[in-house]
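Chains as they are written, first to last, in the numbering used here: chain E, -18 to 703; chain P, 21 to 174.
The hints are simulated quantities; they were obtained by calculation from the structure and are not laboratory data. Here the structure is a predicted model, which is why all the values come from computation and not from measurement. Heads up, a few of these hints could be off.
[Said to hold, decoys possible] Covered stretches of chain P (chain E as the covering partner; in silico rule of three or more C-beta atoms under 8 angstroms from a C-beta of chain E):
1. 58 to 69
2. 80 to 87
[What the hints assert, rightly or not] Derived contacts from chain P toward chain E, CB cut-off under 7 angstroms, selection only:
3. E50
4. K135
5. P137
6. E139
7. E143
8. Q157
Backbone N, C-alpha and C fix where the C-beta goes; we use that ideal spot for every residue, glycine too.
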Amino acid sequence: MEHAIQNPARRTFIKASALVGGGLALGVSLPSMAHQHLGSDFNPSAFIHLYKNGDVVLFCGRCEMGQGISTALPAAVADEMEADWSRVTVKQGEGNAEKYGPQATGGSASIVTMYEPMRQAGATAKLMLIAAAAKVWRVSAEECEASNHVVIHTPSQKTLGYGELAELAAVQEVVEAPTLKDKSQFKYIGKALPRHDQSMVVVGERTYGVDTKVPGMRYAAIVHCPVLGGKLKSLDDTDARAVAGVIDVVTIPRLDVPFGSVGGVAVVADNSWTAQKAVKALVVEWESGPNGNYDTKAYRAQLIANVEKPAEKVAERGDLTAAFETAEHKVSATYTGGHLCHAPMEPNASVVWVKDGSAEVWASTQSPEDIQNVLGDYLGIEPKDVYVHVMMSGGAFGRKFKCDYVQEAAAISKHINAPVQLIWTREEDMRTGYYHSINAQHIEASMDADGNVTGWLHRAAFPSISSLFNPALERAPANSLGEIENHPFGIANLRSETGEAPAHTRIGWYRAVYAIFYGFAYGSIADELAHKAGMDTVTFLHKLYDNNKNPEHKEQVARSKAVLQLAADKAGFGRKLPPGEGIGIAVHHSFRSYVAMAVHVRVTGDKIEVLNVDCAVDCGQVLNKDGATAQQEGAVVMGMSLSLYTEIVFKNGAVVNSNFHDYPVLRINEMPNVRVHFVDSDYPPTGLGEPGVAPFPAALTNAIFAASGTRHRDLPIKPMAI
Amino acid sequence: MSSVTINGKEYPIDVAPDMPLLWFLRDRLELTGTKFGCGSGLCGACTVHIDGTATRSCVMPISAVAGRSITTIEGLSENGDHPVQKAWLKHQVPQCGYCQAGQIMNAASFLANNKQPSEQDIEAAMQGNICRCGTYQRIKLAIADAADELAKEV
Ligand code: FES
Ligand code: FES
């Protein structure tokens, strides 16, 4: 999804106006939007309001789901504005792309696109406040400075609070290109800031999508067609309708658009539990359709076969045949991974109220714009007539990009002519996903006598996200393998190929996306090659990066090497460990950030204990250190779940897993000690939500190899027998 | 009609007897601080106290708690100042926050019974509470802190 990141060098547009009731409002348009709207209507993507009581509220169109955007961005505003941090809060803007610009939140891109514009807006607000104070005092603005929510007239030490100045500030001139602070002057950016919203969480007052209550609202539960492309064969709802409190049973046909329902039967009742109970009383038979034979065990075997034979060429450079012929060593290995489901703790939920010619939606979502488009199409109304209240998500990890659950609620609301809340049960959430691709990669690499990698054949086969938009795709398209030719390892002779892998279920973005399996394959084979060359992995990796002579990769190489060394140093890579223990290391560059992890394990028989994880991170300037650290800790937990345990299994076209007993995500008793180290970086800030997941699996399997001599090439390492 | 006390207030049980306490709280009383995560006793998101003991409300029929006293996250403390809540803020535990009501309720009940927990005790007690955002490291630190705080209070 990196292509979605806009060029931050373009100009930001800022416009000031007065607030109703007095106060200053600044609208900020993102660079890309400014580009589109040059000379036309001003179109801000975020708003800063300064009220007469001194409160500052930032309205942000991006969607918070636990990743801390709602702290990092206000920190940037407050810092440049010289505002008091405790007076700044952030409010989630409603779904309105016209007002806020693209709101889809993913690809770890929020920080990238919004950081500079928000700083500029903060700096502009400060200058307008200073100008206002200078007017009041009839002095020159040069004699005034701003600090901690007040403007000070330096010679006389007179002060005026931001709140007092708000109204007058609103009519001052907008400074187009304010000077921004130097890094050394930052008060909030890069510091460990308390997250504003946490005090509401600990008393149970923060509400999520699933907590929405609307007067007159009905409650619904659903059971879905278990096989993609299947349809309803028969339905007997007599028993379900007989459950006290049941209002209606609604059949929802499959909607063949990427984010539409797979088809299901919903029960509407006067509370969620009655609806859930009645769904269980439905007697439903489904026709499986063309994917009725999907079986992930057989499919994975087929993917392996497809990458262990020639496939379709994607990219080539140098002379691979010659490199292989003259090789001193050759290593070849095949790595695989299974489907994953996002399983955020808050299952899919929304309230939809379809009215005459419009619809109102309350949803936990990563993309209100998609809701507007899908519902607009489905209901035959304009997207702008779909009003989306963006609710806080109880986790999302990519799942809440796709609004099939909202479209279903719309279908029900339309049918019963009332607002309805549809909450999926955990079972439906797990069985009706947009799964991370099952995957296989085969790498053959050659080395000379000094451990220089000379050739690299890389075949990958996985049902791609593109299949969601083009189900006829037989294999992952070339751009899904771009990572291979652009990888910062220095390899002169290379060929990449894409193996056959048609999709039999819906594939979707999952935190870190393809970087999960690319990171695993690259990190693993580097360790295998180092072993073969008789070198330690850190030295070997440095050499492999140093061999990259592509001038365009200079920055990537330097930053990769820096995180590698930092992780190695912090973990004490190479030190003597007790028998049965080992440290493994891996580096990965994704979403414009660089992360290396050193994982320290103890292996006793079948038991794998992860003791310590040292994460070295270069995500450019760190905006909120504590939040960034938390994101890494979370990435380790997710990395550990998917490396060790979690896998979605299909049999006869349908998902076999059903709840957390057979999709065993990591629990606290296995939590390692995670230490996060940031590279002091002047690069612009880049994302954190995703890149931390990528290096973990290989660092873990490399550590297991170091500890026990066993090499794991298939994830998860300990799949459940279900 | 039988009744149940929730956060100090008495409510008549005017729903089907097999409705789980979770849904009585969420849909009948619209007390939504207690969360639905799995519905099967597997994740801990729905944890409340029944007569002081941490219990999964998603698998507890309302009829089984008639006459008993329930505390939810909204009623854990008067001003959000229970030592566990304070420790949670100090360590900035929540990410999305969705699992945290359950985590806090479980931790509070556990600490009431174990004044000097070891790391293993904490892990064993908190194993039933899943956090998909991965806040476990901070939960462990926060509970250890809260234990120290509680020890001082006595
Ligand atoms: S919702 Fe009760 S344990 Fe998960
Ligand atoms: S904080 Fe998100 S699930 Fe725990």
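Each hint, compared with the structure:
| no. | hint | in the structure |
| --- | --- | --- |
| 1 | 58 to 69 | holds (count 6) |
| 2 | 80 to 87 | violated (count 0) |
| 3 | E50 | 6 angstroms, holds |
| 4 | K135 | 20 angstroms, violated |
| 5 | P137 | 13 angstroms, violated |
| 6 | E139 | 10 angstroms, violated |
| 7 | E143 | 4 angstroms, holds |
| 8 | Q157 | 5 angstroms, holds |
Checked against the numbered hints given earlier, the structure breaks hints 2, 4, 5, 6 and satisfies all the rest.
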